[in-house]
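*Asks:* Starting from the given sequences, assemble the full structure and let the hints guide the process.
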Amino acid sequence: LKVPVGLIHCSWGGSSCEAWINEKVLAGKPEYEKIFERREKFDPEDPKLRINHQVGYLYNGMLHPIIGYGIKGAIWYQGETNSGRAYQHRDLFPTMVRNWRDEWKQGDFSFYWVQLTNFMATTNNPDNSAWAAFRESQSMSRAVSNSGEA
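Going by this note's numbering, the sequence shown opens with residue 741, and the numbers climb by one from there.
Possibly wrong hints are sitting among the right ones.
Stated by the list, open to error - DSS-like, lysine-lysine: derived pairs with alpha carbons at most 27 Å apart:
#1 Lys-769 x Lys-845
#2 Lys-764 x Lys-845
#3 Lys-769 x Lys-781
#4 Lys-764 x Lys-774
#5 Lys-845 x Lys-742
#6 Lys-812 x Lys-845
#7 Lys-812 x Lys-764
#8 Lys-742 x Lys-812
#9 Lys-764 x Lys-781
Derived by calculation from the structure, the hints in this document are not laboratory data.
*Replies:* Right under this line is the structure:
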């Protein structure tokens with residue numbers, strides 16, 4: 741390559757997608773009201789209301805401080821926390837990608853994500869599967885420009 745290469749590791753296990761988005765992007769949109777309602781009930785002692793699930797918290801504390809560093813792309817592995825909200829994720833994840841690209845002001849930098857594995861138990865009869873619906877929502881995000889799924 742003959743050029744310096746560096747990696748920035750910015751992650752928090754078990755986090756939700758909305759935690760990594762600037763809250764101003766989601767504020768006032770009816771489809772995200774429940775996300776904001778959950779934050780209003782935030783109690784650090786309640787494990788269901790963890791900080792890494794709160795809209796904008798990880799964006800503010802971890803991502804915003806590194807915006808401005810020159811980057812060529814992002815690799816994303818997340819989803820389990822949002823898997824019960826697959827239909828919301830269809831818009832939420834592309835919104836996060838747009839938010840990051842807008843904030844970095846470096847155009848449509850590469851954005852790649854890892855699809856969650858298919859590890860749920862098989863059934864002999866057709867069934868509604870939140871996990872399958874979520875994996876489908878991840879695949880639908882391939883419509884985002886300069887992006888890809890592994």
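*Asks:* Determine for every hint whether it applies to the structure shown.
*Replies:* Outcome of the hint check:
{"no.": "1", "hint": "Lys-769 x Lys-845", "verdict": "holds, 24 Å"}
{"no.": "2", "hint": "Lys-764 x Lys-845", "verdict": "holds, 17 Å"}
{"no.": "3", "hint": "Lys-769 x Lys-781", "verdict": "holds, 19 Å"}
{"no.": "4", "hint": "Lys-764 x Lys-774", "verdict": "holds, 15 Å"}
{"no.": "5", "hint": "Lys-845 x Lys-742", "verdict": "holds, 26 Å"}
{"no.": "6", "hint": "Lys-812 x Lys-845", "verdict": "holds, 12 Å"}
{"no.": "7", "hint": "Lys-812 x Lys-764", "verdict": "holds, 25 Å"}
{"no.": "8", "hint": "Lys-742 x Lys-812", "verdict": "holds, 16 Å"}
{"no.": "9", "hint": "Lys-764 x Lys-781", "verdict": "holds, 19 Å"}
Of the numbered hints stated above, none is contradicted by the structure.
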